[in-house]
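**Student:** These are the residues of each chain, in order.
2 protein chains.
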Amino acid sequence: MKVLITGGAGFLGKRLAKRLLARGTLKNAQGQEERIDELVLFDVVPAEGFTDPRVKVVTGDIADPNALNAIVDTRTTSIFHLAAIVSSQAEADFDLGMRINVDALRLLFETCRRLGHCPRVVFTSSVAVFGGKLPEVVQNDTALNPKSSYGVQKAIGELLLSDFSRKGFIDGRGLRLPTISVRPGKPNKAASSFASGIIREPLHAEESVCPVTRDTRLWLLSPRQAIECLMFAHDLGSETFAETRMVNLPGVSVTVGEMVETLGKVAGKAAVDKVRWESDATIQRIVGSWPGRWDMTRAHSLGFRGDADFESIVRAFIADDMDGKVRV
Amino acid sequence: MKVLITGGAGFLGKRLAKRLLARGTLKNAQGQEERIDELVLFDVVPAEGFTDPRVKVVTGDIADPNALNAIVDTRTTSIFHLAAIVSSQAEADFDLGMRINVDALRLLFETCRRLGHCPRVVFTSSVAVFGGKLPEVVQNDTALNPKSSYGVQKAIGELLLSDFSRKGFIDGRGLRLPTISVRPGKPNKAASSFASGIIREPLHAEESVCPVTRDTRLWLLSPRQAIECLMFAHDLGSETFAETRMVNLPGVSVTVGEMVETLGKVAGKAAVDKVRWESDATIQRIVGSWPGRWDMTRAHSLGFRGDADFESIVRAFIADDMDGKVRV
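First to last, the sequence lines map onto chains G and Z. Heads up, the first sequence is in this note's numbering, so the first residue is -17 and it goes up one at a time. Heads up, the second sequence is in this note's numbering, so the first residue is -17 and it goes up one at a time.
Next comes chain G alone, as it looks inside the complex (with noise of 0.2 Å):
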């Protein structure tokens, strides 16, 4: 088989890639395990750090059809939709927002349904189709009021999937993703950049700024479930998905103050002292609309699993990011 990821040299993407030539295979839609030939990697830079025959490395515009139609075909049964502008800058430059998230995401939807094969795409979406008066608990089911542009073009490509999907010309399964953290690497244009900032920045003896106030809740899952998660959604047959094509991905409940003393407790009062406090009204605006929590018994009982708890969110990224060595 042939497997699609879009946004392949993001870091999720990259993650994702590593994860499935390790693994080798994946179910197709007859529930068997099948062997992954080819393994393209498209974005607008290239996915570096691939030596394995099997990936394809591709460059391009997710917005052109050209583009869309040289990287799938009839063999591409699986396709990871990962390309997306994230919350701050979909938020700063609306047009751009519009053009990926929505524009890129229905064109690619468009040309698996004039090759007429039915692929299995696995769409993320985000705590961030959440928004205004939310109840404590946010459920499946939950209206979609999202109060940031980002949020609203991801809740655009979720019902697109659905109807994509009721008509048969794709097979979508749809994740709402709680807020990643740690990630690895720099700082990016998501609002919720912080929530790994805070703790990659520290635990490499870096200073790094908190914009937001410390009993601001977040909800968050790991790299390493994330990519879990993306893989256990694909092997899930069809009518899993007949009700609800969305599964809002499990995740661990915490205020950034609750991160920072984590943080302490696994890299002590040196690594606490490099965060700086400094609010920004933008992002707490955006960040503050998301949900903290939210109901986790579909994902559950459809045997989706999120992480213990923060602090073993922070030992993953260490182990998995840090080589087990902390820094600071």
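Because the hints were derived from the structure by calculation, they are not lab data. Please note that the accuracy of each hint is not assured.
To be verified - Here are the simulated lysine-lysine pairs, BS3-like style, with alpha carbons at most 30 Å apart: (1) Z:LYS115 with G:LYS129; (2) Z:LYS0 with G:LYS129; (3) G:LYS149 with Z:LYS171; (4) Z:LYS307 with Z:LYS0; (5) G:LYS129 with Z:LYS129; (6) G:LYS307 with G:LYS(-4); (7) G:LYS9 with Z:LYS129; (8) G:LYS115 with Z:LYS115; (9) G:LYS171 with Z:LYS149; (10) G:LYS115 with Z:LYS149; (11) Z:LYS9 with G:LYS129; (12) Z:LYS247 with Z:LYS307; (13) G:LYS149 with Z:LYS115; (14) G:LYS149 with Z:LYS129; (15) G:LYS115 with Z:LYS(-16).
No experiment lies behind these values; they were computed from the predicted model shown.
With chain G's structure known, arrange chain Z on it following the hints.
**Tutor:** Okay, now just chain Z, sitting in the frame of chain G:
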């Protein structure tokens, strides 16, 4: 002020136009009644029957940017966006539905954005945005899980209305309309067309086919009250829509069996005998996925008013569209 009605040759568009011409004013952004100097009726076919000098009838393709540039300018302070592909047609022709219900709506909003004058935009959404497992009584914030392409497209329209408004590009207000009954004129391509036909045709001594079962529950609003609600929504202050741009309009909950009983009460057995029961699985599936009632608290607290009961709806139709005379 200049007012634009898209779908201005449609039955609701024409009726709204007549009502606006009779009233002569709408509230402006400052909350004051302001004279309507120009009323543009835009549609794919000409709106007929208007001789009032304030009316400008324009035809064109609403998905064409040039057509929109020709009808919207900075004097256009009020837009009633009624143009749409109806439910059964959007289900049969997916591309046409997306083109008009999504792309043209976005283009209209983008045209306003470029002009920069933030007009009031009244958008009509539908019962069809709801679907799947629904609570006994749908709430204003029940999650949208539409089971038709029309419903998905209207839900996308709601999200765009909300985000374009939040960004200050338009001042949108969205009304979720119950099924409108009793419509005058011919049957149309809405799945709910029968909800008017089974009353209208028998009252004219003509036969009508009912494609759904007697126990199918509908949520109805008369054309008369729908028009009042459209104007009322326009005139509300922008602050009304701070938390959500959408309002579920009041309706009357009746089964199709009860509708035909009421027909008998108003027009006798001869009328009832004109209804032929012939089930249609597609229509039953689409209409059966819609809510049969929803909570009216928000609508009523804002001051929206529906109909007293289904008998009032039938009698309003006879008064408004049959010159008060039953013809069976």
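**Student:** Compare the structure with each hint and give your call.
**Tutor:** Against the structure, the hints come out as follows:
For a cut-off of 30 Å, the pair hint linking LYS115 (chain Z) to LYS129 (chain G) stands: about 26 Å separates their Cα positions. Between LYS0 (chain Z) and LYS129 (chain G) the CA atoms are separated by roughly 37 Å; this puts the pair beyond 30 Å, and the hint is violated. Of the pairs offered as hints, the one joining LYS149 (chain G) and LYS171 (chain Z) holds, with about 19 Å between alpha carbons and a cut-off of 30 Å not exceeded. Under the criterion of a C-alpha separation no larger than 30 Å, the hint pairing LYS307 (chain Z) with LYS0 (chain Z) is consistent with the structure, at around 22 Å.
Taken as a hint, the LYS129 (chain G) and LYS129 (chain Z) pair is honoured in the structure, with Cα atoms around 25 Å apart against an allowance of 30 Å. Between LYS307 (chain G) and LYS(-4) (chain G) the CA atoms are separated by roughly 22 Å; this keeps the pair inside 30 Å, and the hint holds. Between the alpha carbons of LYS9 (chain G) and LYS129 (chain Z) the distance comes to roughly 28 Å, so the proposed pair stays at or under 30 Å and holds. About 22 Å separates the Cα atoms of LYS115 (chain G) and LYS115 (chain Z), which keeps this hinted pair within 30 Å; it holds.
As the CA atoms of LYS171 (chain G) and LYS149 (chain Z) are separated by approximately 19 Å, the hinted pair is consistent with the 30 Å bound. For the given pair, LYS115 (chain G) sits about 19 Å from LYS149 (chain Z) by alpha-carbon distance, which is consistent with the 30 Å threshold. Pair hint LYS9 (chain Z) plus LYS129 (chain G) holds up; C-alpha atoms about 28 Å apart against a cutoff of 30 Å. Restraint check for LYS247 (chain Z) and LYS307 (chain Z): satisfied, since their Cα atoms lie roughly 15 Å apart, inside the 30 Å limit.
A hinted pair counts as satisfied when its Cα atoms are at most 30 Å apart, and LYS149 (chain G) with LYS115 (chain Z) qualifies at roughly 19 Å. Note on LYS149 (chain G) and LYS129 (chain Z): the hinted pairing holds, with a Cα-Cα distance of about 10 Å set against a maximum of 30 Å. Of the pairs offered as hints, the one joining LYS115 (chain G) and LYS(-16) (chain Z) is violated, with about 36 Å between alpha carbons and a cut-off of 30 Å exceeded.
Hint check: violations occur at hints 2 and 15; the rest are consistent with the structure.
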